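Enquirer: Fit chains B, C and D to the known structure of chain A by using the hints.
There are 4 protein chains.
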Amino acid sequence: MNTFGKIFRLTSFGESHGKGIGGIIDGCPAGLELDIRLIQKDLARRKPGQSKITTQRKEPDQVEFLSGVFEGKTQGTPIAFAIWNKDQHSKDYNDLKDVFRPSHADYTYIQKYGTRDYRGGGRSSARETIARVVAGAIAKQVLVKVGVYVQAFVSSVGEIKLNKSYLDLDLNKTEENIVRCPDLETANKMISRIEEAAKDNDTVGGVITGVAKGVPTGWGEPVFNKLHADLGFAMIGINAVKGFEYGSGFEGTKLSGSKHNDVFIRTEEVVRTKTNNSGGIQGGISNGEDIYFNVAFKPIATLLKEQQTIDKDNNEVTINPKGRHDPCVLPRAVPIVEAMAALVLVDHFLLSKLNSI
Amino acid sequence: MNTFGKIFRLTSFGESHGKGIGGIIDGCPAGLELDIRLIQKDLARRKPGQSKITTQRKEPDQVEFLSGVFEGKTQGTPIAFAIWNKDQHSKDYNDLKDVFRPSHADYTYIQKYGTRDYRGGGRSSARETIARVVAGAIAKQVLVKVGVYVQAFVSSVGEIKLNKSYLDLDLNKTEENIVRCPDLETANKMISRIEEAAKDNDTVGGVITGVAKGVPTGWGEPVFNKLHADLGFAMIGINAVKGFEYGSGFEGTKLSGSKHNDVFIRTEEVVRTKTNNSGGIQGGISNGEDIYFNVAFKPIATLLKEQQTIDKDNNEVTINPKGRHDPCVLPRAVPIVEAMAALVLVDHFLLSKLNSI
Amino acid sequence: MNTFGKIFRLTSFGESHGKGIGGIIDGCPAGLELDIRLIQKDLARRKPGQSKITTQRKEPDQVEFLSGVFEGKTQGTPIAFAIWNKDQHSKDYNDLKDVFRPSHADYTYIQKYGTRDYRGGGRSSARETIARVVAGAIAKQVLVKVGVYVQAFVSSVGEIKLNKSYLDLDLNKTEENIVRCPDLETANKMISRIEEAAKDNDTVGGVITGVAKGVPTGWGEPVFNKLHADLGFAMIGINAVKGFEYGSGFEGTKLSGSKHNDVFIRTEEVVRTKTNNSGGIQGGISNGEDIYFNVAFKPIATLLKEQQTIDKDNNEVTINPKGRHDPCVLPRAVPIVEAMAALVLVDHFLLSKLNSI
Amino acid sequence: MNTFGKIFRLTSFGESHGKGIGGIIDGCPAGLELDIRLIQKDLARRKPGQSKITTQRKEPDQVEFLSGVFEGKTQGTPIAFAIWNKDQHSKDYNDLKDVFRPSHADYTYIQKYGTRDYRGGGRSSARETIARVVAGAIAKQVLVKVGVYVQAFVSSVGEIKLNKSYLDLDLNKTEENIVRCPDLETANKMISRIEEAAKDNDTVGGVITGVAKGVPTGWGEPVFNKLHADLGFAMIGINAVKGFEYGSGFEGTKLSGSKHNDVFIRTEEVVRTKTNNSGGIQGGISNGEDIYFNVAFKPIATLLKEQQTIDKDNNEVTINPKGRHDPCVLPRAVPIVEAMAALVLVDHFLLSKLNSI
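Residue numbers (the numbering used here), protein chains in the order written: chain A, 1 to 357; chain B, 1 to 357; chain C, 1 to 357; chain D, 1 to 357.
A few of these clues could be false.
Because identical chains cannot be distinguished in the list, a pair is counted as satisfied if it fits within a single copy or across any two copies.
Stated by the list, open to error - Computed list of lysine to aspartate or glutamate pairs in EDC-like fashion (alpha-carbon distance at most 16 Å, straight line):
no.: 1; residue 1: Lys19; residue 2: Glu64
no.: 2; residue 1: Lys41; residue 2: Glu59
no.: 3; residue 1: Lys41; residue 2: Glu251
no.: 4; residue 1: Lys305; residue 2: Asp92
no.: 5; residue 1: Lys322; residue 2: Glu269
no.: 6; residue 1: Lys41; residue 2: Glu175
no.: 7; residue 1: Lys353; residue 2: Glu268
no.: 8; residue 1: Lys322; residue 2: Asp290
no.: 9; residue 1: Lys19; residue 2: Glu316
no.: 10; residue 1: Lys97; residue 2: Asp290
no.: 11; residue 1: Lys19; residue 2: Asp87
Hint data in this document are derived by calculation from the structure and do not stem from the laboratory. Small disclaimer: the values here were computed from a predicted structure and weren't measured.
Okay, chain A solo, but in the shape it has when bound:
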């Protein structure tokens, strides 16, 4: 169950303190000239140690391709890749070997598998998402060929919320600050909020908004694999995610149908809608409007402060974790949200080739 996607499939592997993280991408069309720099750029956006508000673990996070690329081009064959771990401090975890950290996967892994790699969270570490970012960066390169662009940004941190629609923002400004919020004023507040949490040895959650532009009509499968259902599945499967909504979302439940409906309008070239509460998807299929959605991230469970818990022998213990941790997952999760959206969209692009003979 470590494979994502139906046609363009990522199978990921690796643990936080093992040899590395990587994956195999199967189903990537042949003949794509891979731009490695774009992949590294997204990896750099996800990388630890990139700013004062992220963990200080230092990883080069350089991707190595093991197969499937020849003379710079994809071959239609499986693209295997690895990012080798360099800066593990596995000793930091010796004390935690037999302890169940609160709101972590320690206890549930043991219950499921009877064994676990306790070093740095092992497979449950968010370091696993590197594989998603690599695959997503390749998916983006396919999508660009058909005019589709995916962008994400931080829209809330704790109670600090960006009170603007993505339509009123210049998304190109997202990368201009370390928290990845395209509104500078709000960004500064968010940064302060994260620093405050860090000072308290505490953590803080938030929301990331994703937008896909240029998706043509006709992508998505109408019943179980509605385009938004696949997007939701992709997002909710990211570490620390607690919720997903698209288009009008939870707020839209309060509207009456007559306010919520998106009226179709005539334009010279294409059919458009006046409003976009549908978030670009109707009946599970894209209608040509922008796709947009929100993803809720909980505050990270690893606190650098004392907490009560129990160990595997059911003794009460006090833990006081060492290690280098993020006070807030949001800034580094932006490229992960984009990657997962790109994986879903590239899959539905390929599936859309099968609609008719």
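Expert: Leaving out everything else, chains B, C and D in the frame of chain A:
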């Protein structure tokens, strides 16, 4: 792409105004004594015409099993079933043949397939969910054998919200009123709200809360198929759903980690947590606590009032739909939410048999 | 595990003496005008009672479509269909309820599922192949659109073997005799051989040869899902099949490489090979030459003569089956072989759309 | 389409002259103590340069595990592994860059993908089977825990055939000679035959027989995924394979049903059959008897002698391949056959856990 599930798989078929709706369940374990009454009970909860606040289409919605059940027991072979349509008024849709109803799937189906069954929404009709309810009702019967119970209820209609946790409610009261809210006072407000919408020939949305009790530890796959990701995928794929959150959800993003973490505690028999912001799932795997989640439903797009739109030749037209429609999908969607949750859980129950040799 | 195919997927259901046999085809492209007569024609070729050398069970085997076809055209939505059983003589099987017939699935079903539908073999009956013939007949209609034709014929019955290559035969003559061998002289010998077996209350096996013409280059997946591996899988999964070979097959193992290799030659328009030991497939991918293969069928296990066996309580018993049975499965299996080949080919046709952006 | 298996899944990657060959095994149960020596032992049996009758390419073929194994035990998480290429002579292939070698995949790859890695056959090289051997060797270690053993041996080379049933042979003697035939006299003839082919710069084909002992009753899925269909699919997908038969196979088609049927007999403990024409499988499900089958391998296409062919511009050219090649694939394919059989069996072992609640 009309198959749901990995081990216990439902493949559904059918259109609103075709011969019927049905499906094939493949992977149901052999030897289960099927209680048909329980299936019909859930179908009755989803049935049109069940109360004054639902559509008045009259369908018996009687399930007929076509295979896979012999002498009352499942055989391990595919269980095919159908619910035959009886009360279609297909003529109601003749006027809509070439028109794209706002926020419906008319336009996107044509864009995807180049053709569509326009009678009553065809495949995009929520009538398709009957197949899910049948399969879910069977899944529930498997789950009961391992002590797992799934229940859902309406927790908001429009702006009317049930301000209580499921823990403070008697969920057995859910079926005591026609809106399916276990708090009578709130239920009455909701019913009035729906009647008001109906009077306006308008519609209203809301939220359904689902709860699964008795799920043992160790269900769920840690990376892409986290238990909550599969639940989210299942819920978001239901017609009219705009969002999903589990445990602390979107609100939880505002908490600090030290408030959000669920501290493990000693009990005599099992490991428990003091709080349950995790919603019973950690690292994608169940931890033995209750699983709970919210599902957002938009107001139904079909209004019995005049609306502007365009037709397939890009002419501006005015529609004024006839037909029999729900002013609010929520009361009838409760068994659908339960069914989809049961399908996910039964799948992970079966998958959990594969954790070790 | 009752689903066949990757993109064009058949999920089948039904038992020999239940309500009927049917299936759901998911992934059939939209917009195909279905010719029902062609489907019925293939069903008639598979039908019991079609000639003096087949079982005399009388079934109309009329297909009823339950969904997915509207105004004569496929809609891209699931195509459900059923063939209702009419002429079951279930009482014929009462005596066999607790008995394990030799070389049948009675014993293994009980061992696997702990229960079984003993009437007429239940799910293990070759009556299940009706669903394959319907789906295959639709697949053929898609294939014709891209110039691909699939044909099969009986090439041996018992020790009577057709000693000609398909290249030296007029395959249009296949349907001119009841055994479905395109060489009349051999056909008559085969018919006599089957009649002889029937007179002995015995059965006889044989080989069916399949040919696909017009398959363009580039179909097939090079590693596990080689085009011939998928064909082999499809054929070996047919009831009573014991072997599969393609191109030069088992005989080819005796050749030296220099004799076996197919030399490429220049033609004005396309690349061809001088010989075709490769059977039209190289490295798992079609090369534009004819695809041809052999399928071995064992003699049917049901004999209308006394046999020793045991029952479920491990008592020695003698059985003397009643019922109406085929002395030789080959003539009726010809359309099944074609159907399974068509299902594999249509799948790889659709997959080939994904080779490049 | 580079994934094999349903529950225990191998996704393979790599090219003959790229960085290496490897894969990810997903779905291996947790808690298995991996014996790396047994994996290396099978790799050594497949390794080039192992004897005078194989290619002299020198590869250590040492497996490196990249994830999923911790403190010597499988973790239930993906097991990634690689075997790094060491002794590629890529220059040997420069002359073949634009040429289509007869009966190779050069032409079909270009037709499918529009591009290909021409060095040493790239992905179509039999070097890819290393990944299968590693995964199969792990599958064997799971199977041993449930008493199942898989063994293969060479039963014919060219026209030299081992005329004994596996029942009359001591399969432990298989590894005592370099051709892997358990009958020494026949083995010597086979070795001479291969040496003769090598002297002629030619190649020779043959047959490998596989046997699985200890498979309990109840493995296999009765319709499309019959246990023998999955075995056949696995075998036919091995490079150079042209045919598969199990139990009585093609010869069995000549028997009458009364001779072919396997009569059930009483034993004190388990149900047995007097004969085993069924090859241990009835109705697609194992019956507890030995499973046995034959796999036909064509003579390898790479000849070290002059051959006519064409290039990508449709010019007639003469090739005279250099490089180091096997005159006969059979001896090295024995562990590959075992590996693929083990992968199928471990999958059905795991699936059999799902038969009932």
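Enquirer: Confirm or reject each hint.
Expert: Verification of the supplied hints:
1. When the C-alpha separation of lysine 19 and glutamate 64 is checked against a cutoff of 16 Å, the pair qualifies both within a copy, at 13 Å, and between copies, at 10 Å.
2. In this assembly of identical chains, the alpha carbons of lysine 41 and glutamate 59 lie at most 16 Å apart only when taken from the same copy (14 Å versus 37 Å across copies).
3. Proximity of lysine 41 to glutamate 251 under the C-alpha cut-off of 16 Å is found in neither arrangement, the shortest distances being 35 Å within a copy and 32 Å between copies.
4. In this assembly of identical chains, the alpha carbons of lysine 305 and aspartate 92 lie at most 16 Å apart only when taken from the same copy (15 Å versus 62 Å across copies).
5. For the homomeric pair lysine 322 and glutamate 269, neither the shortest alpha-carbon distance inside one copy (60 Å) nor that between copies (31 Å) is at most 16 Å.
6. Within a single copy, lysine 41 and glutamate 175 get their C-alpha atoms as close as 11 Å, which meets the 16 Å cut-off; across copies the closest is 52 Å, which misses it.
7. Within a single copy, lysine 353 and glutamate 268 get their C-alpha atoms no closer than 26 Å, and across copies no closer than 32 Å, so neither meets the 16 Å cut-off.
8. Taking the closest pair of Cα atoms, lysine 322 and aspartate 290 never come within 16 Å of each other, the shortest separation being 44 Å inside a single copy and 31 Å across copies.
9. Neither within a single protomer nor between protomers do lysine 19 and glutamate 316 lie at most 16 Å apart by alpha-carbon distance, with minima of 33 Å and 50 Å respectively.
10. Neither within a single protomer nor between protomers do lysine 97 and aspartate 290 lie at most 16 Å apart by alpha-carbon distance, with minima of 47 Å and 27 Å respectively.
11. In this homomeric assembly, lysine 19 and aspartate 87 come within 16 Å of each other (Cα to Cα) only inside a single copy, at 11 Å, whereas the closest approach across copies is 24 Å.
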